[in-house]
Structures are given as structure tokens and as C-alpha cells.
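Colleague: Residues per chain, in single letters:
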Amino acid sequence: MMSNDEIQKMIKELGELDIDMYNKDFLQTWEHPMEDIKAVLLVSLALEEMYRANISCRVFDGSLAVSNFRDKSTRTRFSFASAASLLGLDVQDIDESKSQVSHGETVRETANMISFLTEVIGIRDDLFLGEGHKYQKEVADSIDAGFKEGVLVQRPGVINLQCDRDHPTQSMADLLHLIRTYGSLESLKGKKIAMTWAYSPAYGKPMSVPQGIIGLMSRLGMDVVLAHPEGYDLIPEIVDIAGKNAEKYGGSFTIVESMEEAFRDADIVYPKSWAPVTVMEKRTALLHQGKAGAAGMEVLEQECIKNNSRYKNWECTEELMSLTKDGKALYMHCLPADITDVNCTEGEVADSVFERYRLPTYHEAEHKLYAIAAMMLLTRFPDVSTLLTNVLDRGEKRRFE
Amino acid sequence: MMSNDEIQKMIKELGELDIDMYNKDFLQTWEHPMEDIKAVLLVSLALEEMYRANISCRVFDGSLAVSNFRDKSTRTRFSFASAASLLGLDVQDIDESKSQVSHGETVRETANMISFLTEVIGIRDDLFLGEGHKYQKEVADSIDAGFKEGVLVQRPGVINLQCDRDHPTQSMADLLHLIRTYGSLESLKGKKIAMTWAYSPAYGKPMSVPQGIIGLMSRLGMDVVLAHPEGYDLIPEIVDIAGKNAEKYGGSFTIVESMEEAFRDADIVYPKSWAPVTVMEKRTALLHQGKAGAAGMEVLEQECIKNNSRYKNWECTEELMSLTKDGKALYMHCLPADITDVNCTEGEVADSVFERYRLPTYHEAEHKLYAIAAMMLLTRFPDVSTLLTNVLDRGEKRRFE
Amino acid sequence: MMSNDEIQKMIKELGELDIDMYNKDFLQTWEHPMEDIKAVLLVSLALEEMYRANISCRVFDGSLAVSNFRDKSTRTRFSFASAASLLGLDVQDIDESKSQVSHGETVRETANMISFLTEVIGIRDDLFLGEGHKYQKEVADSIDAGFKEGVLVQRPGVINLQCDRDHPTQSMADLLHLIRTYGSLESLKGKKIAMTWAYSPAYGKPMSVPQGIIGLMSRLGMDVVLAHPEGYDLIPEIVDIAGKNAEKYGGSFTIVESMEEAFRDADIVYPKSWAPVTVMEKRTALLHQGKAGAAGMEVLEQECIKNNSRYKNWECTEELMSLTKDGKALYMHCLPADITDVNCTEGEVADSVFERYRLPTYHEAEHKLYAIAAMMLLTRFPDVSTLLTNVLDRGEKRRFE
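Protein chains in written order, with the working numbering: chain X, 6 to 406; chain Y, 6 to 406; chain B, 6 to 406.
Treat the hints as calculated values from the structure; they're not laboratory data. None of the values given here were measured: they were computed from a predicted structure. Among the hints, erroneous ones may be present.
One copy or any two copies: either way a pair holds, since identical chains are not told apart in the list.
Here are the computed lysine-lysine pairs in the DSS-like style, where the Cα-Cα straight-line distance is at most 25 angstroms [claimed, not checked]:
(1) Lys402 to Lys296
(2) Lys29 to Lys402
(3) Lys402 to Lys153
(4) Lys296 to Lys77
(5) Lys210 to Lys139
(6) Lys43 to Lys29
(7) Lys43 to Lys194
(8) Lys333 to Lys77
(9) Lys139 to Lys29
(10) Lys330 to Lys317
(11) Lys333 to Lys311
(12) Lys153 to Lys29
(13) Lys77 to Lys287
The following block holds chain X by itself, in its conformation from the complex (with noise of 0.2 angstroms):
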């Protein structure tokens, strides 16, 4: 636990970035010059001590936090909720079922009705290949206008909650635990983090969690290795941006086709099943279809699957381990991971890997909340740093005593 002295140093090395994050968005961590990405880090550290230190970190009194999650999702909406409560806001779910937004709402006019009182909107829409980033932006482009029309007396912050290009709250909690594992953002430059493809029995897992780690690492200066079997390709608009990310901040960005190649020397290994582009692209074409793509979904579901079970392969077990760094690099994964003999047969991870790696992976997960929170607060407030130097003056206390 850091000291009053030590969390002040970090609001005021925050007071220093020169961030424009204000009455804006976080869709897309690329989107972003290091400035912000930093400030999100800064944040999200001062947050977590604060909470360890037992001081109360509200900041709202009587506003909403909106969340819109079109998939399902256990980590991520308890990490949005803990973040609403941790600065005051309440947390109402828009939950489309029991809305009118079947019945011909426009997203512009939703998102006016539903930001009177908001000030965060998170929204999860991972499902369908090139439109959940689209909606995200539809949506922050309503308030936006909305705002300036003077609809909305307060500009609500869209954080993406994962969409189908990032999942910047997934990326941000993970460079958390680099940081946390590391020691500082300097000390990752010249490490070695394989992205791999794993097998898995399911079929359909989003591709954000890897576009977004190699959009976010190769930013750092890390040396960053991509691996998947042919044919399970990451979109190239963001493999492009990986590989320019290097060049510009004097890292390494490259693909290889083995996972053996990929953890040779790694420090960091982050081995995570994916469907590819293509299976994708045909899925999101059969869900608009709704009941008459119900057929061919299963056609393509069993093709996908069988195409994955000829990399079974894939799978991170201790041989594998032992080719990386010393034989120890930290294994990461954004969870739940598919883990070989505990939830499945054949999965991404040999048992023990994961169970070495288990708490790791716990505190890698708790991170995403307060990267969470660190959005809400830069997206809503114009000077964070001063504002958190208040709470801090205020001093009070998170549990009463």
C-alpha cells in the first residue's frame, strides 16, 4: 500500500501530461496519443491505492452511469458497476428487450433520451464484425451533437466496453499488470510478448483482446510477436497499425505461424483463442439473417470448430514455457480461459501453466475496474489532477469507522 506522499506524486506527475481527454470518448486506445494512454495509467494506479487507503473516491452525488452490454459478460459488467459505485454514480442497465428500441428508435434519439442525467455510457457490441466500433461512434456522435445543441447540460463519455476492433478496458488492465509486474511503463521497452492464437473447443471468440494488445504493446517500445495458424487473421487495418506503432516508438512488430517461434525468449505470453476474420465476416452476415441463418450458423459453427481442432496444438503446456525467457515468462490471459482438464479436454492452457499463473491472472482481471473508473474521470473532468488532489484533501473515509 503506497503512502498519502506517493499517491500525491502520481496526481501530480498526472497534472503534468498534456491530456485532451475531456468531454471525449475511449473507443479505440490508437485513437489516443501516449499522453492520455499515460494518463489512464496514472489514474487508474492513484485509484487503487486510494481504495486500499480506505479513502472515499465519490465524486458524483445523483447522475448515471449507462450500460449497454449486447453480449454477455460477468468481469467486465461487475468491473463497470464497481467502477460507477467507487465514484458515486448509479449504474442503470439499458437492456433492449424491455426497451422501445426494437420498435424504430433512432440511435440518435436513444442516445439523447437515455444522457440526460448520464454521465458515462459503456457499451459492450463484440458480436458483429465491423459494426460494434460503428454503433460505439453513432452513439458518442448523438450525445455529441446533442450536447452542443443543448440537449444534454453534460457531454456523457462513450467507453468502449469492447467492440469488435479493441477492448481497450481489457488492454489497459493488462499494461496495469505489466506495470504492477514490472515495476514502470520504462521498464517494458526491449521485452518480448507473444500474442498467440490457442485452441479451443468453442467457436466465435471476439478478436478484440488481440487487436488490442498488439495495437496497445506495440506503442512501448516492447518487441511484440503476433502467431495464429493460417487463415486466422487479425482485421489489417490493425495489424497495420501495429507494425507502424513499432516503427514510431522504436519496438518490433512481427507475425510468425508457430507458437513455438512466438515464445522462444518471451518474457510475456499471451496465449488466447480467436475466430478468424473470415469466419467472422460470414457469422455476422448469418446473425442478421436471425432464424433463417440458424441453419447455416451450424454449418459454419462445425466447420469452425473443426478447422480450430487441426491446431490442437496450440496449446500453451509447460514444454512450451519452458522455451520462453529463463523458462518464466508470465503467462496472461483476460479470462476465462479454456484450460485443459478443468473446463474442457483440450483447451489453451495446460492445467499447471494456469494454476502458476492463476493469482497473476486475478490481479491482472482486478484492474480492469479502476482503468475503468480512470476513463470515467478523464472523459468527465477537465482536470483530473486537481480534482483528485481534493478528494484526497476532503478525506473521507470509503468505509465509515
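Once you have looked at the hints, place chains Y and B on chain X.
Modeller: Relative to the frame of chain X, chains Y and B by itself:
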């Protein structure tokens, strides 16, 4: 934005009203004397201004606002949640599918069981003609008895979030919109408002909005004109109320059979679809039959849609708008509207008309949350004028700085 | 309503108890020494009085209370939400259909993932015999490990909101009702309480209420009589506990086979239906088969209802009530009751009997929320006596004035 002095002036004006709402409900506007209506308006406006001035309006700390939506809702759901959050109440939605209500609980019992720490119960029950209001009254009577019998420490206020008869949070929001548009309640005197039926491809829309409008606007010295095709009558009793109101309050109430006639020289137009009372009666009977009524429901729906389609010319077009006072009547709608070529091929309103009034309708919608919050305060506190004075004096910020 | 002095006296009494509940759970009353039970009673009563005295009991500011209802619930759901609101916790319900729980998450992992900012986890899991309590214990063990391993900053308390074995928030509410009725815990000594089966047209009611009652009331020096038709046995282990309790605490525990015998000279009667343990065992096996068990379930249900119908004379009638002490035994029920001629044609209790005790059963139900709040405080704070003293001294109002 008003200054604190202007807000205080409104609060003082509130203190001079002779109101009798404490420990009661808000179910139908016509059950309340004009003093009550004025009180709701003043408190709504005061709360709006206090929100804009970043003043915390929290007055509750550890109590529930219970909502029971027996029909879909977006706007009203968020308005209720926002109003609760504004005042410090925690929302708990009663989802009848997850409760034991269907297992033989009496209304009387359930109403008390959910009320031990509850300050407000909001109910939407608009599907069953002849029953929605009755149900709300039964809940209100049950908690009234529970309070008098000492079961409940406090007596929750029941707020009608739309029933088969009235939609008071909507009509009060509409009235707030008129006050904001024209400057004062008094300035509405002599203005002509046309509440007219409009064509919609959808079927079975509730009658509570037009009933709410004619029931309320007829008390302001306005010339209220109701227009609908033959057979699209509203509940006769409420039409009667409108007529008597007009006599009593010095305006007029007329029913005409064409949109043209209603629009001519109108200051305000409110074109909106609804189902005729006869259809709602049949529909209610069929809804009660559950699955057994499904076939009949389909027949009724087809009949009704077919009948609607005879009146496709009941559309709020530019041509019709040109008939209004200086061609510039204020267009109103409770949203979502069926907009021709936007969310349907033929609807209630032409795209160009709606687009011109889109922002005003958003503002119209915004008031609903404050109207609900005002009803919450006035049913739960004996002296809201003093309460708000003390809230202002307390000077706590809604957003910490 | 008590004075502040009287409340402080209770809080002082609490401080003299030797309790060991901090950082633990509340799953079954018989796992707790009488000092713990007394502590829950005192804190419940203190909170009730503080609520009545308009004192804010908020002690949390930015933490969650997680609920997981694996069966329908109205009363307990609202009691949990109310208790959370009273103490300042934000409720987050884990809806397993919207989460990834079904996607292979282990209990251990999920329990930690939802607990980063969580102070309390309330679980209802009463459908599967032999499993509900086991599941709650697994969650408790998982977060205990997470806390010890440093994953969790605080250790949430797990509160049993009804399992297959006990329903402690109900039995504690029932005991509070007895204390309020008879004046003190001591005054219950020597009183005869009849926990008897009663006929219901419904099938498969859980056994946790009668088990909870005999497990708790047998510790108060009461004469506990359990009555049920042949074959409607409770879990033998818990019947044993009741017997041993009676010996240890100087009361008695008897099982009889007729309602008449149980009611004779009883001070208190608790007539309530439940399914026999053998049926619950078969039902659990069928529930596990999912759709495949549906046909078997229907057969079992018919058998069970048919068997129940042999005991329609097990109804709490006026005649039976006249057998009780002075004909005036206190009638108790956890609600909702099956009331003859009210919500069924033949049920657990005659209309006239229920109506006479309707208000008392409402009071009985009210205590549940305070019992839950007391369990929350006692599992989450090491010294609740000092805490409540400080809350009183703080003097913040629950409703601003």
C-alpha cells in the same frame, strides 16, 4: 441558467401555494387541484435549474424507489431512474417474472412487502383497458392501509408512469415544455392546441397520451381541439372531464373530424396515433385469454391495421403545418414518433416537419425526469419549499470539484 | 419508537458480547454460538430504531452488495436490496443467463471476479437438495482464499438468502418477531412453538423454513414440536441438531404426527407446507437432467400433489386454533401463505385465521431486512458496537429536512 436568487424566488412562490400532496399519490392530473399542478411545475423547474447550477439535490440516504414496468419503456424508465438518482434513492425494479407475484400473492400483501424502506413506487400499466389505473389505485390503497396500520414506517407515494387513463408524467413534461416555450403558464391562455390522431403502421398504441393532454391542457384557458377519424374515440369519461374543465377554467374544448380543421390557426399541434377504445376493449379481453387469445389477437391486429390504413392521410405534413398560426405552430410529440421515410414508409409525421422540431421534442422529453422528481418530493415531504431552501443553503455540489 | 438512550443501551449490550463474525459468513444459524445470534438480534433492533428515528445508517461509500438468486424471490430480494441501501451499498445482481458463468467458469474464479469492490454476497439456492449449501460454502471458501492470497482487498461476507438446509434470514426475522411480541429473548423460555406441515395445492416447497425454525428455536429453552404426516420428513441431520439443541439449552424437541397434538396448548403455531425429503431428492435428480427430466418431473409432480391431497385436513382452522393456549396462539408464516378461499380453494390456513394475524405476519416479514443488514455489518466490521456509536454521534439524517 437561472441565478440562485431566481431559483429562490420560485421556491418562495411554491411556499405560498396551498397544496395537499404529502403522503398521497400522483395518478391522474384531474384528481389534483390547480395548486398541486402549479407546485409540480415550480418544483420541476427549480430542480432543473439546481441541476444546471451543479447543486446536489440529494435528500434521501438509504431508501428505495421501486419501479414496476408492466410494459416496455425506455424514456420513462430512464426518467424514473434519473429522478431517483437525483434525489438519492436507490432504484429497485420489480420484475414480475423473477418474483413470486405470479404465485398467488395478493396485491395488498406484495405492496407492503416491497415498501418497508420505500419512498416511491412508480408503475406503468397501460396494456389492459379498464385495469391499469385500478391496479395503481389498489397498490396505493394497500400501502395507505399498511401505513395507517403501522406496518410501514413511511407511506410511499405511488406515481403513475402511464396507465390506461392518464400519462401524467408525460403531460406535465409537455406542459413544462409549453411554459419554457411561451414563458409562463399564464401566456398559454387563449392559445389553440390541436391534439390529433395520426396514422401509424403500428397497432394498439395506448390512449393515455391524448387523454392526458386533453385532461390537463383544458385547465389552462386554452382552446383544446381533439381530432380523430370516426371510431377512434377516447374514453368518454375523460372526454367529459376535458369539456367540463374548459367550462370551469375559461377555455374551450372541441372535437372535430379532420386534421385540417384541427390544425387551422393552431398555436400548438400534437399529432399522435392511438388505438380506438373499442379495439382496446377487445384486445384486453384477448390478452386475458393468454395463449388461447393469440389467434384472435392476430385477427384483431390485422383488422385494426387495415382500419388504420384507411386514414393514411392523417399525417402531419408541411402542407398541414402551413395551415397553422403563421404556419409556425409548435409541433409536439411524446416520442418515439413514426416518421415517414425515417423509421417507416408512411407515418405520423413528415420527415422535414419532424426534423425541424427534433431538438424541441428532445427538450420536451427532458422535462419528464424533473416532473417525476417533483412528484416524488411533493408526495414525500410536507413542506418542499422549506426543504429546497435548506438544500440550497446546504450548498453541496452534484459534481465534486 | 425508542429514544437515543435506549438505542445506545442496546449498542452497549452488543459491545459486551464475545462475537467472532468479522470476515466470516452467515450460512446456518447452528454454526454460530448464541453470542453471534444475540448480536444479530441486537444490531437488527438497533437498526430498526435508528431507521424510525431518521438516522442515516450509511457506513459504506463506493462498494457493492452482490445478489445471486437461483430461484424466484420477492420479499428476500427486496429485503436484501433494502438492507444494502440502508448501509450505502450498491446492489449488483448476478444474472447467470447474462453472464459467462454457463461458459465454463469455475466457481472459484467467478467468486473472485465479482468481489473486487464487494462487501457482501447474498445467495438464494434452494432448489437442489444437497447442493445449495454446498455451493454457498464453495463461494465462501473461494473468496476466503482470494482474500488470504491478496487478490481481494476486503473479504466479502456470504449471506445465505435460503438454501436447501437453512433459511437464516427468515428464522432470525421470525425470532425478532417473537422478541417484539413477547418482550425479550428470555421470555421465550418454556413457550411451546408448533412447527407443523400444512396442506398446499402447490408442490415442491423447500424445507429450509421448517428446518431453520427447529434449528434455531430449539436453542431458546422453548418446547419445539414438529408435526408432519408420515413421509414428510425433514433432513435427518438437522432434526438431530434440533434434538441436541433442546438438550443443551434446556428446552424440548418432539416430533408428532398430527396437527391437533402439535397445536394443543401451543403459544405459537407455524403451519406451512413443504415437500418431503424423498421427493426433493428425486426432483433434484430430475432437475439435473434438464429437458430430459421434464416428463419425469410431471409424473413426480402429479404423484406429489396427489399425496399432498391425502392430508387436506392439515389446515390451520379456527377449530385447531381453539386448541392452543387460551385459544390465542400467535400464528406465524414466512409468506406468501396459501389461504383457503383467498388464493386457493383449500390451503394452509383458513381465511379468518390468516386475516386476524395478517398485520402481525407483515411485521414478521419487516424484520428480515434488518436481520440481513445486521449480518452485513457483523461480517464486515470487527467492532459493530463502536461503529454504531459513531454512527449515532455523526447524527446524519436519513431524510434531509
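Colleague: Against each hint, give a clear statement of whether it holds in the structure.
Modeller: Hints, verified against the model:
no.: 1; hint: Lys402 to Lys296; in the structure: neither (53 angstroms within a copy, 51 angstroms between copies)
no.: 2; hint: Lys29 to Lys402; in the structure: between (30 angstroms within a copy, 23 angstroms between copies)
no.: 3; hint: Lys402 to Lys153; in the structure: between (37 angstroms within a copy, 23 angstroms between copies)
no.: 4; hint: Lys296 to Lys77; in the structure: both (20 angstroms within a copy, 23 angstroms between copies)
no.: 5; hint: Lys210 to Lys139; in the structure: within (19 angstroms within a copy, 32 angstroms between copies)
no.: 6; hint: Lys43 to Lys29; in the structure: within (16 angstroms within a copy, 39 angstroms between copies)
no.: 7; hint: Lys43 to Lys194; in the structure: within (15 angstroms within a copy, 59 angstroms between copies)
no.: 8; hint: Lys333 to Lys77; in the structure: neither (34 angstroms within a copy, 48 angstroms between copies)
no.: 9; hint: Lys139 to Lys29; in the structure: within (16 angstroms within a copy, 47 angstroms between copies)
no.: 10; hint: Lys330 to Lys317; in the structure: within (24 angstroms within a copy, 74 angstroms between copies)
no.: 11; hint: Lys333 to Lys311; in the structure: neither (33 angstroms within a copy, 65 angstroms between copies)
no.: 12; hint: Lys153 to Lys29; in the structure: within (13 angstroms within a copy, 40 angstroms between copies)
no.: 13; hint: Lys77 to Lys287; in the structure: within (21 angstroms within a copy, 33 angstroms between copies)
Consistency with the previously given hints fails for numbers 1, 8, 11, ordered from lowest to highest.
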